[in-house]
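Colleague: Sequence:
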Amino acid sequence: MRTRFILIETSHAGNVGSVARAMKVMGFDDLVLVRPRWADVLQREEALALASGADDVLARARIVPTLDEALDGVSHVCATAMTPRDFGPPTVAPRAPLA
39 MRTRFILIET
49 SHAGNVGSVA
59 RAMKVMGFDD
69 LVLVRPRWAD
79 VLQREEALAL
89 ASGADDVLAR
99 ARIVPTLDEA
109 LDGVSHVCAT
119 AMTPRDFGPP
129 TVAPRAPLA
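Counting from 39, one number per residue, gives the positions in the sequence shown under this note's numbering.
All the pointers check out, no bait thrown in.
Okay, derived cross-link-like pairs now, SDA-like style, lysine to any residue, Cα gap no bigger than 25 Å in a straight line:
| hint | residue 1 | residue 2 |
| --- | --- | --- |
| 1 | Lys62 | Ile101 |
| 2 | Lys62 | Thr118 |
| 3 | Lys62 | Leu105 |
| 4 | Lys62 | Val112 |
| 5 | Lys62 | His114 |
| 6 | Lys62 | Pro132 |
| 7 | Lys62 | Glu107 |
| 8 | Lys62 | Arg98 |
| 9 | Lys62 | Cys116 |
| 10 | Lys62 | Ala87 |
| 11 | Lys62 | Ser49 |
| 12 | Lys62 | His50 |
| 13 | Lys62 | Asp78 |
| 14 | Lys62 | Leu88 |
| 15 | Lys62 | Gln81 |
| 16 | Lys62 | Asp110 |
| 17 | Lys62 | Glu47 |
| 18 | Lys62 | Arg73 |
Hint data in this document are derived by calculation from the structure and do not stem from the laboratory.
Model the full assembly from the supplied sequences, consistent with the hints where possible.
Modeller: What follows is the structure, encoded as structure tokens:
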């Protein structure tokens, strides 16, 4: 089973580079961006600098307009967010659905 990392509406190019670097270290390479703030985010200086050796992950990354397109072919999904939200499905601990 392949693992895909999806970033939605990313606003900082440096975060994209940092994610690419972390993915490379862990052996992953499938990165998809949904509606990033900058259309050229994968070529921005901050992304390239913080990718630090993961240029191949950035080169393979795709930009798509919808989450549905990013999830195409995906059979299992696990999502996280940087801040709590007051909308959407309820938040559950990662182990709860797997129990």
